[in-house]
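Chemist: Sequence order for the protein chains is A and B.
Residue numbers 0 to 498, in numbering that gives the first Met the number 0, belong to the letters of the first sequence in order.
Residue numbers 0 to 617, in numbering that gives the first Met the number 0, belong to the letters of the second sequence in order.
Calculated from the structure, these hints are not laboratory results.
Mixed in with the good hints, there may be bad ones.
[To be verified] Label pairs and their computed distance ranges (CB to CB):
no.: 1; chain 1: A; residue 1: A61; chain 2: B; residue 2: V538; range: 42 to 48 Å
no.: 2; chain 1: B; residue 1: A165; chain 2: A; residue 2: R113; range: 26 to 32 Å
no.: 3; chain 1: B; residue 1: T509; chain 2: A; residue 2: P275; range: 56 to 62 Å
[Claimed, not checked] Computed, partial: chain A to chain B, Cβ under 10 Å:
no.: 4; residue: A98
no.: 5; residue: L392
no.: 6; residue: E399
no.: 7; residue: S403
no.: 8; residue: L491
[As the list claims (entries may be wrong)] Computed, partial: chain A to chain B, Cβ under 8 Å:
no.: 9; residue: F9
no.: 10; residue: G12
no.: 11; residue: L13
no.: 12; residue: L16
no.: 13; residue: F19
no.: 14; residue: A20
no.: 15; residue: L23
no.: 16; residue: W82
no.: 17; residue: Q87
no.: 18; residue: A90
no.: 19; residue: P394
no.: 20; residue: A395
no.: 21; residue: A398
no.: 22; residue: L482
no.: 23; residue: V485
no.: 24; residue: G488
Think of the CB as a built atom: it goes at the ideal place given N, C-alpha and C, for glycine as much as any other residue.
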Amino acid sequence: MSRDRGHHEFWPGLLALGVFAVSLWAQPSALVGVFYDDGIYVVLAKALAEGEGYRYLHLPGAPPGVHYPILYPAVLSLLWRMWPAFPQNVALFQLFDSAALAVAAGLIAKHARRWDISPVVQYVSLPLAFVAFPLLTIVGVRFSEPLFLALLAGALVLADREEVSGARGAAAGLLAGLAALTRSIGIAAVASIPLALWLGGKRKPAVAALIGSVALLGPWVIWLFLHGDAVDSRIASNYGTYLAAAGQTGLLGILAGLDFRVFAPLARLTLPAVPPVIWLALAGLLAAAVVWGAVVVAPRVPVFVTTLGLYLAIVTVWPFAPDRFVWIVLPWLAMLAVVGSMAAWRKGSWTRWPVVLLALAVLVGYPRREAVSLWHRQFAATAEGITAPFSVLVPAIIAELEPSAVVASEDEALVYLYTGRHSVPSYLFRWSGRSTTPLSRDSTVQFYCDTGVTHLALSGPAAPAAPLVDELTQDSDSTLSLLFRVTNGPALYEFRCPD
Amino acid sequence: MSGLSHRRAAFVAGVVACLVFANASRNGWAVDDIPVVRDNPAAHSIGAALDAAFSPYRPATLDESSSGLYRPAAVVSYAVDWTVSGGRPWWFHVVNVLLHGLVTALVVVVAGAWLLPVGALGAGLLFAIHPVHVEAVANVVGRAEILAALGLLTAVLTARRYRRAAHRGTARLWFLATMAAVAFALLSKENAVVAVVFLALDHLLDEEPSHRPMAELYIAVVGLTVGWFFLWRAVAGAYVTATVAFNFRGLSAGGRIATMLPVQLDVVRLLTWPLQLSHDYSPQVVPQRTAFGVLALLGLMTSGAVLVLGAACVRRAPAIAFGILAAVAIYAPTSNLVFGSGIALAERNLYLAVLAPALVAGWLTLCPLCLRHRPVMILAAAALAMVYVGRTVTRTPLWRDTQTVVIEGAIQHPESYATRIWVGGLSALAGHSASALAEYLIAVELFDRDPLIAMVSVPLALAMGRHRVAIDEARRAYDLDPDHPAFVGLLIDTYRARGDSDSAKAVARTMIAAAPRSRSHAQIYLNFLEAYGAPAWQVSLAQLRLDWLNFRLQAASRSIDSLPNVMASQVLDQEWCLELETLWPGIRALRPSVADSLAELVESARLQCDLPGDPVDG
Chain A
0 MSRDRGHHEF
10 WPGLLALGVF
20 AVSLWAQPSA
30 LVGVFYDDGI
40 YVVLAKALAE
50 GEGYRYLHLP
60 GAPPGVHYPI
70 LYPAVLSLLW
80 RMWPAFPQNV
90 ALFQLFDSAA
100 LAVAAGLIAK
110 HARRWDISPV
120 VQYVSLPLAF
130 VAFPLLTIVG
140 VRFSEPLFLA
150 LLAGALVLAD
160 REEVSGARGA
170 AAGLLAGLAA
180 LTRSIGIAAV
190 ASIPLALWLG
200 GKRKPAVAAL
210 IGSVALLGPW
220 VIWLFLHGDA
230 VDSRIASNYG
240 TYLAAAGQTG
250 LLGILAGLDF
260 RVFAPLARLT
270 LPAVPPVIWL
280 ALAGLLAAAV
290 VWGAVVVAPR
300 VPVFVTTLGL
310 YLAIVTVWPF
320 APDRFVWIVL
330 PWLAMLAVVG
340 SMAAWRKGSW
350 TRWPVVLLAL
360 AVLVGYPRRE
370 AVSLWHRQFA
380 ATAEGITAPF
390 SVLVPAIIAE
400 LEPSAVVASE
410 DEALVYLYTG
420 RHSVPSYLFR
430 WSGRSTTPLS
440 RDSTVQFYCD
450 TGVTHLALSG
460 PAAPAAPLVD
470 ELTQDSDSTL
480 SLLFRVTNGP
490 ALYEFRCPD
Chain B
0 MSGLSHRRAA
10 FVAGVVACLV
20 FANASRNGWA
30 VDDIPVVRDN
40 PAAHSIGAAL
50 DAAFSPYRPA
60 TLDESSSGLY
70 RPAAVVSYAV
80 DWTVSGGRPW
90 WFHVVNVLLH
100 GLVTALVVVV
110 AGAWLLPVGA
120 LGAGLLFAIH
130 PVHVEAVANV
140 VGRAEILAAL
150 GLLTAVLTAR
160 RYRRAAHRGT
170 ARLWFLATMA
180 AVAFALLSKE
190 NAVVAVVFLA
200 LDHLLDEEPS
210 HRPMAELYIA
220 VVGLTVGWFF
230 LWRAVAGAYV
240 TATVAFNFRG
250 LSAGGRIATM
260 LPVQLDVVRL
270 LTWPLQLSHD
280 YSPQVVPQRT
290 AFGVLALLGL
300 MTSGAVLVLG
310 AACVRRAPAI
320 AFGILAAVAI
330 YAPTSNLVFG
340 SGIALAERNL
350 YLAVLAPALV
360 AGWLTLCPLC
370 LRHRPVMILA
380 AAALAMVYVG
390 RTVTRTPLWR
400 DTQTVVIEGA
410 IQHPESYATR
420 IWVGGLSALA
430 GHSASALAEY
440 LIAVELFDRD
450 PLIAMVSVPL
460 ALAMGRHRVA
470 IDEARRAYDL
480 DPDHPAFVGL
490 LIDTYRARGD
500 SDSAKAVART
510 MIAAAPRSRS
520 HAQIYLNFLE
530 AYGAPAWQVS
540 LAQLRLDWLN
550 FRLQAASRSI
560 DSLPNVMASQ
570 VLDQEWCLEL
580 ETLWPGIRAL
590 RPSVADSLAE
600 LVESARLQCD
610 LPGDPVDG
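So that you can see chain B by itself, here it is in the shape it has in the complex:
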């Protein structure tokens, strides 16, 4: 291939990438595509996307708290697609495929720093056809990965131009272009936080001397990253989502690492021999572990060996060093080894980590040993390419729609609790309540640490008259997260549905005593008392609590003023004490004189209430 240039190699690899994934255009909306794109008004027009530029990527459904994700560039890209296509999914998939082709071309150009065009083409071709890319390319929301990769690789290339710029003015332009590319990557997906590592690796491994002070660029990129991190936290709240971290629920940091070390074997397998793919790595596909076993040791050794290999190649084979170390960097934030980032493993997170096998393949294309056995190597490469292409082409249609993904998941991983929930949901939608409930209960059997299952299983069980099941499930969720108002409300409703008002009342009491300053708990308590037909004094006290917590201070003050009269006309018992104890800070703050007279009433009734003194005195 004497006429092959890097540019032509990039074009060829990009076209191959598009061709291999072309059948993705027949896919529709699947799984996360639905809330993030199809049902998300912000993704339906460019104006709406820009208006939502400072909104979380997707709101959580349970309690309206943020999902913790911030990807405005991805949302804008969906909005552009929606505007162009009128919301037809095939167009979104075509754009994903084209973007994958573009990223593949950039991989070739990046690899061109160390590899001849043939080698760079080899790297690009492997990147183009790699089956682990299916989840990122064939599923619309995988675009966040592709866009982040696009930004990162562009930043590497513009930083190269900056380093090599002869004139100050030109250098300044490439400096700004690098910053823009990093910003784009960060606003596309959070794992671009490692941008500075990418730039430093490329700089370290570049044989050409730098004409520009790189420290300034690194400082600027780190500054940009710090600013983005602040903005991300401000927009989307906590950076780790609570609702998807069930893999590690109840585990210590050691347990999390013990769980994740064996997963590193899966990561290496997925990058090198990705024939067995899965969209699901939830429990028990990835079982929780509390102790370090043989698999953890193997995972540790493998991870260490990969790192050593990367470091060892810095001088001898910089292309391999870049591929491996960049892959480690991009995977590290989602590895759950340093901190818990949520899901144990997602194949889309390995999108850019494919740089490792790709650049190894590119280097092998040109290594002396391989050149000596060229026919054998060509045959081996062709065989591998056929296997990879075959796997990619057959895997892509599985992302056609949610049902296909779920059914495939159920066949592939019957041990997955998450798949059981999905199957249950589909069964419920089809009107098969019994089998839906059965699936939910199997999910609990497989993994009983996810309280969210109760949000779907309990209403279904109640609707079917399976009160015992509903109570067990609601109790399980409540025990796992007793502070969450949704689970408290669920348990109270379940007891009430069975006619067990005493148990409902006990739960309500415990709830309000544990969180007397929570508005949502106070509202649940008031709702319960009204529905339960509690005495008027108790309802009015609950209303008073809610008024106080909602700063309806006039109404609260009026209620407090009337309290001595109400109390004087009642038989005071321990129930009063329980109510007064949680209300006391509000009464004391709003009407200290009334508090004093109430304290006298309590004392004259010889009740043993635990009423603290003036909070100011304390």
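Okay, chain A solo, but in the shape it has when bound:
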């Protein structure tokens, strides 16, 4: 065993250890639920842990959970059972998420060995990608991405081999199925792994992978089929199935608004602030480098390239903002960009200038941004900023409101978790193509009345429900009466259903 090979052998473990330590260090002092989904995951975990079933406990009537796949809340529920004291037990969730990201890092590094590229590409790009502030932001809140990435990377490690047995194919399919049970977009892996194996002539493992995934996803699909309609249509945008969301947007709506900004998050992270035309040109170069990198490694890791391609295609098509979906595959994109740039450099002199230009742009744009983020912990700033108004609202609700109160609020899961009061979204919307439209004032008020809302909380004057509150308070026979309002800060109102 040569010295270099020796180093390369334990590189995945070393990377995983570093990612684990940095992820733990990056945990913010923020409330759970500040990024919305994180709160709902924890509510669902609490419901499972307390034997209430897979339900949105915070909503009156506790409708079944049909929007968020079950695996991540199920894992959190196990941790919740070990340590049932919320919010102290959030430390366990933080440990788990950090460990999942670390495992993902190790598996990605292990998978990258098969790319047949210089280890230096990994040594440079993976640590930089894993400490990039979007990833630190994601691992700092209770998002399912770290678990998803670990499962997806595990599936690719199993499937991207020269020889794949039926058992390995089935295992890869199972992991892809678990990834889809963690984030719905994991469906990309469920489809792409059997497809790539099949196209590569590995038909038996391809079928095994498909069977593995389908067997795992079957019960979840049945659950969705049985309970998909149980959620109030007025909150289906947030709580309904993805089919319900697609029904609102309409296929034509999606396609009409189709954009190709899937690489924009990567460009925003790495490129300097320059005039838009130059920025777009540089972003185009960056996208080209990623694509070139994918072309270079495709013969050696076809399953990976197919999966990433399908993943990004779905992100491009569906109406949700691409950022979160792109951030979590950032380590792969970063490596592909480096591989593509190196391939372009080797191609000939005419391709070297764009590479130099791109490298200079990244050197100007990324290190300073990243250094500032790490030094000032800016990756935690958003979560901690959103926490600020709730650190007034939460104790005020506990101190002021009856336990039976129902609060309409942003981040309603957060309100429920920390106050024990039922809560509903204060701002209701429906998808319209790739954008959203608020429900009418009357529909929203009717929803408040139907769900028994007694109070309305606002995080500040810029809260999405603030215009509605302004309207309601200006009525002569107002349904809202102010309990308190901190200047330019949160406010709490008592809500009365109109006669």
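Chain A is fixed; fit chain B onto it per the hints.
Modeler: Chain B alone, transformed into the frame defined by chain A:
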């Protein structure tokens, strides 16, 4: 001893360890046993211990903050004992002794990597009878040390099996066993944080080649340690307890090191010639030092020499190298040389550090020079063993109960301020108030940087009508830690008890001005005003402050709404200013319009209040 195998040597050493400490079974609860085991509901049933698996080892008593310790494995072991014995202390002591026997046997097995069975037996026997173990074995809570040692030595042995495993499946099992042992050690006591050092030392000194990539194991162990560290901080808060760090209060990092370097001489003495033992190394047993003197230099040289000896033995005598370097590693986190970890020295912390003299003894058993003078060496070893056993057997009963420990401490270290506090406590319990107060005051004379003494001395002095003494003591505590609500409250109560309301009021004012956002301070202030019979407006303002800080925002808003009327009916003076200044951020945030009208009232009364503008503008 041609028929002696390592296994038999381990058994013999383990049995000797149990026999030497057998008289510990006659001990009861002493000192920390009482809060940690006897009075701790979590230690009384396995279910309760598991429920408390994510709770600190023991809560601090002063302000309900965490003690900073996290040892769930130790608590579970107490709970198992309680369930088996119904809470009878003798059983806990028997288990401690048996565990010590088990650890001793493991020492023999670990030493077996470098020493023949006779040598390993020698190492095990010295470990078995070493007097410095008394504090860990004869006191129930010393079990945390023993369990951590058990985990660490088991991890060393399982890691050896992992290194030597021929098959991948077997290796994987030993890998997992090592991780489990390290986890157990970490959950038993925090000093197991050095587990990876133990594994690396054993690997480095092992003459057999490794069949497995050890880097993976090291990475996994470091990862486990990092995760445990995060969990420890999350469960127990700050990892260094504030309440036990009085040895270093007021000292810079340099002063701490200057204080601790001479203590290294004590450490070496305790490991090599442990005839003089103590449970107390608080001031002035370990005096504070601000400058480096001769003793510090000696301590530095001795520590350096020990390290050099350990390094020098790596090739020639790996057993000694392992013993010394492992001892240094296990002692380092509590040495206070790298960072302040709290208490200056505790003999229980040296439990596994005894590996150093033990392995030296084991090596000496087989060294050529010793073999040449075998009769002399046997005689010397027997004499040493008799001295050690004698000291251990006579020392063990001193941990019978708290009173015995305290009395022994007072006789041995009259210069110890901590012992004086204990003696004072016992005197107070016996109803001898005067002598109790005298002991507390002597404790202050010996070491005046511990504000906690006032928590016991002031109430006693007040009860005895010694107001002057009470005020001096309360003032001393307040000066040492003016931000701590307990000491502020104590000083205010003391002034009030003497009828000096003006002084009490001045202290209360200073307190609320210094920490206008502290709920506990606001509560103390309100309590004081109500008890003092302050004007109604002042009480209502104090209530308003507390409402605001407790987020009772409706009540606070109502109070603010009524403020202009209240103020309009009063003569506004500088007292109002003082109140308004600390309340202003709340008023401004909740009712900006009322704040504007109050500002006008202040201005019309020509008061010079320091009322900031809208915080949002700032």
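Chemist: Hint by hint, say whether it matches the structure.
Modeler: These are the hints, each one checked on the structure:
Checking the proposed 42 to 48 Å range against A61/A and V538/B shows it holds: the Cβ atoms sit about 45 Å from each other. For A165/B and R113/A, the hinted distance range of 26 to 32 Å is satisfied, since their beta carbons lie about 28 Å from each other. For the pair T509/B and P275/A, the supplied restraint of 56 to 62 Å holds, since their beta-carbon distance comes to about 58 Å. Taking 10 Å as the C-beta cut-off, the interface hint given for A98/A holds, the closest approach to chain B being about 7 Å.
At its closest, the beta carbon of L392/A sits 9 Å from a beta carbon of chain B; the interface hint therefore holds under the 10 Å criterion. Interface restraint check for E399/A: the shortest CB-CB distance to chain B comes to about 5 Å, inside 10 Å, so the restraint holds. Residue-level restraint check for S403/A is violated (minimum Cβ-Cβ distance to chain B is 17 Å; threshold 10 Å). Look at L491/A: its Cβ gets to within about 7 Å of chain B, closer than 10 Å, so that hint holds up.
A least Cβ separation of about 4 Å between F9/A and chain B falls short of the 8 Å threshold, and the interface hint therefore holds. For the restraint placing G12/A at the interface with chain B, the shortest Cβ-Cβ distance is roughly 4 Å, inside the 8 Å limit, so the hint holds. Because the closest C-beta pair between L13/A and chain B is about 6 Å apart, less than 8 Å, the hint holds. For L16/A, the interface hint holds, since its Cβ comes within 8 Å of a Cβ in chain B; the closest pair sits about 5 Å apart.
Here the hint on F19/A is kept, as its CB sits about 6 Å from the closest CB of chain B, short of 8 Å. Interface hint at A20/A: satisfied, since its Cβ lies 5 Å from the closest Cβ of chain B, which is below the 8 Å cut-off. For L23/A, the interface hint holds, since its Cβ comes within 8 Å of a Cβ in chain B; the closest pair sits about 5 Å apart. Hint on W82/A holds. Least Cβ distance to chain B is approximately 5 Å, under the 8 Å limit.
Nearest Cβ of chain B to the Cβ of Q87/A: about 7 Å, under the 8 Å cut. The hint holds. The interface hint given for A90/A is met, as the beta carbon of that residue sits about 3 Å from the closest beta carbon of chain B, less than 8 Å. Hint status for P394/A: holds, given a least beta-carbon distance of 4 Å to chain B, under 8 Å. For A395/A, the shortest C-beta to C-beta distance to chain B is roughly 4 Å, which falls under 8 Å, so the interface hint holds.
Here the hint on A398/A is kept, as its CB sits about 5 Å from the closest CB of chain B, short of 8 Å. Interface restraint check: L482/A against chain B, minimum CB-CB distance 6 Å, threshold 8 Å, status holds. Checking V485/A against chain B by beta carbon gives a least distance of about 5 Å; that is within 8 Å, so the hint holds. The criterion of a C-beta within 8 Å of any C-beta in chain B is met by G488/A, whose closest approach is roughly 7 Å, and the hint holds.
Comparing the model with each numbered hint stated earlier shows that hint 7 is the single one that does not hold.
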